[in-house]
Amino acid sequence: MMSAARIRGELTPAMLAIALSIVPFAVRAAKDPESVARAMYTALARDDVDAVAALLAPDVSWIFHGPSNEIPYAGSFRGAPGVRRFFQIAHETVHTEPLEPRSFVTQEDTVLVRGIENGVAVATDGRFTAHWLHAITVHDGRIIRFEEIIDSAAIADALAPPAVARGQAYFTTCAGCHAPDGHGNRDMNAPNLTGLNSEYLVRQLRNFVSGARGGPTNFYGWQMNGRAKALPGDRAIRDVIAYVSSLAPLRPQTSFTADATRGRKLFGSCVVCHGEQGQGNSSQGGPALVQLDDWYQERQLRDFRSGARGADSSDAAGQQMRAAAAALPDEHSIADVVAYIGSLRN
Amino acid sequence: MSLVDGYHLGVRPRWGVSMVFDAELEDSTSPRREFLRRAGQAVVAGVVLGASVAAADESTPLRRAAKVLADRVRGSVVVRGTPEYEPWRQSMVWNYRKFRRFPDVIVQAIDDDDVVAAVQFARQQRIKITTRSGGHSWSGCFLRDGGVLVDLSRMQSIDVDVARSEARVQPGVIGRALNAHLARSGLAFPTAHCGMVPISGFLMGGGLGLNSVAWGGMSVFNIRAIDLVTAQGDKLHASPEQNADYYWAARGGGPGLFFTVTCFYLHCYPLPRAITTDTYLLPYGELVGLAQAMNDLGPRIDQSVELLAVVIPAPPGLAANCTPDPCRQIAVLSANAFGDTEKQSRAMLATLARHPLLRKPLQKIAGRATPFEVLYQDNEGPFPQRRARADNIYVDQVVEATQVLSRHMPISPAPGNTPVILWRGTDPYPDAAYTARGRFYFAAYAQWDDPADDLLNEGWLKDLYDELEPLATGHYINEFDRETRAYRTNQCYSAANWQRLGDLRRRYDPDGVYQTFLGLSS
Chain A
23 MMSAARIRGE LTPAMLAIAL SIVPFAVRAA KDPESVARAM YTALARDDVD AVAALLAPDV
83 SWIFHGPSNE IPYAGSFRGA PGVRRFFQIA HETVHTEPLE PRSFVTQEDT VLVRGIENGV
143 AVATDGRFTA HWLHAITVHD GRIIRFEEII DSAAIADALA PPAVARGQAY FTTCAGCHAP
203 DGHGNRDMNA PNLTGLNSEY LVRQLRNFVS GARGGPTNFY GWQMNGRAKA LPGDRAIRDV
263 IAYVSSLAPL RPQTSFTADA TRGRKLFGSC VVCHGEQGQG NSSQGGPALV QLDDWYQERQ
323 LRDFRSGARG ADSSDAAGQQ MRAAAAALPD EHSIADVVAY IGSLRN
Chain B
4 MSLVDGYHLG VRPRWGVSMV FDAELEDSTS PRREFLRRAG QAVVAGVVLG ASVAAADEST
64 PLRRAAKVLA DRVRGSVVVR GTPEYEPWRQ SMVWNYRKFR RFPDVIVQAI DDDDVVAAVQ
124 FARQQRIKIT TRSGGHSWSG CFLRDGGVLV DLSRMQSIDV DVARSEARVQ PGVIGRALNA
184 HLARSGLAFP TAHCGMVPIS GFLMGGGLGL NSVAWGGMSV FNIRAIDLVT AQGDKLHASP
244 EQNADYYWAA RGGGPGLFFT VTCFYLHCYP LPRAITTDTY LLPYGELVGL AQAMNDLGPR
304 IDQSVELLAV VIPAPPGLAA NCTPDPCRQI AVLSANAFGD TEKQSRAMLA TLARHPLLRK
364 PLQKIAGRAT PFEVLYQDNE GPFPQRRARA DNIYVDQVVE ATQVLSRHMP ISPAPGNTPV
424 ILWRGTDPYP DAAYTARGRF YFAAYAQWDD PADDLLNEGW LKDLYDELEP LATGHYINEF
484 DRETRAYRTN QCYSAANWQR LGDLRRRYDP DGVYQTFLGL SS
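Taken in order, these protein sequences are the chains called A and B.
FYI, our numbering numbers position 92 of the first sequence as 114, with every residue one higher than the one before it.
FYI, our numbering numbers position 431 of the second sequence as 434, with every residue one higher than the one before it.
Chain B with its partners taken away, still in its complex shape (with noise of 0.2 Å):
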């Protein structure tokens, strides 16, 4: 059975009757106060530094077997039913909503030989095997109910070779640390745009980076060569020259290849030395027209000019200045220029104030100084840590897209949630897994902070693409909601990339010891 057939049968929709079950299953077996007495009473036991298993426990099969793992590697080995299983459970889980998703064992790593321990011991177990770095998949796809979780967030270290422009990267480092020590070198490398976001899972889902249309299309392309852990247990060099399977997986197979990537080999860029923003705040009503004029200038501006759309709450001055009524929402257009001096960024951003739409905004920004920093704290800030939800479509139709959306924000339940709408240039990629593409990125993200808005959030996100779906011209995985749309995975990938990523999966993790797509069972 190919994959495409399998995500026909293989999809388990995660808010179907059996995800119900699951949970009612696991509120019998660990309330909270059962969970604090057997805490209270285990406090000692179990720690700690380098290797450990959090429980002296051996009473079954998985334990024992657990105990042999946990004397073999540096790293720590935490089993299920033993007291600071949650803890950790919940540590591996950015998002405030803790999926309710439970591995059997989650091991630590410090090395890359304490992955390979992890691996055989999967094997061993016939149990499968998932990873993370940072946390922050939106689905939290690398959480699974049963198997191993592989904490990669220990592995930090940077070797940069200057000569080559090269960067080699553990995958626990975080995209602001990667800047800042590149910066030392005069390099960059194209990160998310938030700057807490490590940089692995971010790159092996395609990579949607600071300046992307001139860095590559995808940060992913960016990836020379990697070191990874094979199904089997090797460790292998995999480049364009060398195990070259792998390397194509890698480069966009994201959450669900079937080997782990224990270092990046990153092709780095010259440091651009004055980057600048200008910001068009304009009334929520020129959304469309604000998408029009997008569509325009994409084609026009300079590649290394990063154009995305945004809508916020209309700060209290400007709301009065909204016509014909006050507004509640605005739209917002940032011109990011990463050029090398302030006058070259200047020259590449002119070509925007001349635009019609952009000649009388509510307020323009203009000129501001964003290094790397800058940039990041632009994007955090609105992005506080707390119950988070996303998804998208590229999309070539933007106007069309936006007046679809234009209909869905004045509704959203949270005053945080926002729209981006990201000019992606028109490139071709280089053959490798990632392929999905559109003229514009067209993503929503939902942030709420009361558990009891999870439905509401939930509902209006995936109302707002039911509705977009027939526009899209495909899905970025990384930020698509594989809750609640877990079937339409395969439309992250073209239909002969999706093939060939599933005879690769087969051929070289016949025995499926890692874990697939969240949602598809094969």
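Excised from the complex, chain A in its bound form (with noise of 0.2 Å):
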């Protein structure tokens, strides 16, 4: 108040003129439900739950729809400690960009507002994309009640852990070129599947559905990027390497016989994402280099070379096997890698 009282005592008269025109349009402006709703956002935006507080009736409703035993954070909340409650379940349970809302439609005192979500389930890193649909109701100029509908499937789909029995079905699709064993079949150009880390086979699913990998110009990815987008969203893409890690692990023949000698020399500057013994790094999504077939390795450094493989800017692990493979000297030094990689698995 005191504050308030000093900067009045500056005004000139013209300026206190037009402060007290404004004043009222603004406090207007300011309850007025769709600006409430859009301050929400934008605290939501910055992850700011007291910026969200502040804009909540003490006696809040706030109500997501979905079946609370499989989205712990599905049900009903009341008041400010409730919807607290509600976003620490709900970040722990997933990840989330900005909400995204794409339109506004108010009536009387709600607003309807339409969006988009994308999420990572932090126990099972199941991705999903959701839409969803929120009803904000703003009684002088605080939130009354918000409601969400969602696709909330596609959130359960992303909590549920993956499943061996459902990925055996879908490999199916896979076994024809992969083998019923998935330890690959040349002359299908599949290459084994098995002995290697789950996150990089789930990744590269990933990229081959979002296209990041593969493309009219890499005609076996092109291949993938058809069988990988058969699969029905992410949960299938996890279920499926659930199963493929079940499945007996092979070490593919080293077949090639280059000069390893130099590709020992060549490795070194693999060693760091792929292990000294070609045995994979998890930690830096690096996979194990001796569980790739010969043949595959070739064609893959190869397509790393030309950019076939690893130009895609959401492919970060690509786009680095992309400028390792551009930093080889010439065309030999893959063979020589492949075979320096070979004689790791003796």
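Quick caveat, the hints were computed from the structure, so don't treat them as lab data.
For lysine to any residue, the following SDA-like pairs were computed, each having C-alpha atoms within a straight-line distance of at most 25 Å:
| no. | chain 1 | residue 1 | chain 2 | residue 2 |
| --- | --- | --- | --- | --- |
| 1 | B | K238 | B | R503 |
| 2 | A | K251 | B | Y448 |
| 3 | A | K251 | B | R390 |
Quick one: dock chain against chain with the hints and give me the complex.
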């Protein structure tokens, strides 16, 4: 109050007149349901739960429609403490990109907002994209009711742990080329899939779905684009890789006889991500090279070198490999490195 | 009642009232949410390697019997109503359109004993049986309401007897793998043009394969013998000398067969060492002229030249060169010469270059080396896995058919839709179930992504082939749209062969254990 009086004391009459004409409008604008709703999304985008709480009526009802046995933050919450609890559980369960409100429609005191949410389940690394509709009711500039109707099945899918039994079903699509035991079939240009890190395999399938890997200039990747997109969503990717991980691992045969001694020197730059013995390094996202067929490694190195793989900005690991492959001094280096990796299997 | 009568009386068009009714029933019993809920709860149930029934639930007689079956087979058994069923069912179908037909039980076989067990199970349960290997059927003919679906995709062995130029091939073997394998012995087989198509369904429906004019007319005529499982669950060998009725039926009876083939004995050819392709790109306005040219050239070219035309969206650089106006689509003629040396192949292709229409194409790509892998990629590249349909006629009057086609292509609802016009040769066929033919194979393929466009593409294809039908001399069953035109299935066969197929079915499968053709009831 003191500071407000001091400011008012310094105003000229003209400024005061302007200020007085604005203030009622400003107050009205702040209480307008749509402005309150927009303020809430601005606060959410900053992860600022305090700012959200400041917009809530003391007895606010906060409702997230969905099965609470599958989505822990589904249900009804009341008052600012309840809403804080909602956000706490939600944050422990999923990490989401900032909400994208796409449209606002106001009907009397209620704002209907349509949007899309992208997220990752903390426990499973399952990905989801969920369409939502929010109904936000505002009284006297405060939210008295927030109701979220969302594609909760998409979230439940992301939260579900991968299931080997479902993965076995989806693997039918893979087995024609990668063989029923997942050990690959050179005649189908399909590499061994077993004995590889699950995160690596899941990432590759996601890249094939998004198009970050494959495309019309990379024929076998292009074929994988079609097969990967046939999987009904991200959960199916995790399911099928869970099944692949349950298969007996094959150690592929060494078939390359190039200059392994030279390959050993070149391999020095591979060690950080792929391990000294080519055993892989899951913390760096690098697959176990000894599990990849020689012919497949050679083809991928060529593709990385030409940019047929690793050119997409959303494939960070691929971009890294592209740079690494480009740094190889000549075409012979590819066979030499592959021959050295082959020697690591012994 | 003969089968010919049966097709009149027994037709149940898939687009009719009955399908809508089925669909509604399905919606009310297993909405996605319910499916997800149960799937979530039963994640741990059921698995897994080797024999499995995807549920401990033995609440119905069928499920109890399926449990017994699961203990008997090396493969997997999945029962409708269990959480894993829908992933299994959808995985059976290559097409992104997952046909809304629901078998009671899916059996994934590891060997022919598993097939025997599945047949005996179907007999005991008095339900019908169908088989699939790669699920590439355009109409999803193997997927039926009720009964047992036997998946043969895991049976993938190949044995080559070089001295006999023979490959013994299990049904799950895919064309690309077969030719890659055979090449090591200097042999080749007329697989499907797309290398991802498994050999079995392709063959039994006739098999319109690579270099087919020179390599037997239809790929199915290269079957020397088969191993099979009968409707009684017996294992037999069939050849021209032994169980000849089965042998006759297998060579073209396709998706209406009354037994399961578990091994094909295939006659192979010497590997052509220098397959070479000339490609001519022509303005769309020349499409009918191109058909005329193919009609002139077909009888004059070497039998080892495969002559086929397609329509594709005009590449940007070429569109401007079309006269009188820039064109949206262009016609493409490909001539694949299956020669042993480049010189030989080029000599075979020279006849084409002299034809007046082909002297001034928009562009000519001459003398391209196209070994099998390149041909496969050429054919598969434009057909990624998507929502898809196909239909076809065989036709002698190719110019008239192309006039019809040329009116429909510009109004095609999806840019990836294309016709294929393929010269078929005029040599006689051996006596076998397969009979459909004409001077040209005249097919169209629709492919798109958005389910909302399903009806648009279905309608486009149906309108085109309704108009082409009077010109048809027959239909190739493997690419015949049995979702919309099942009632014409008999026209995939001569009247005598259709009759004989029905007679054999009644004799060898009197209880009707095997499903007949999709959309027909007997």
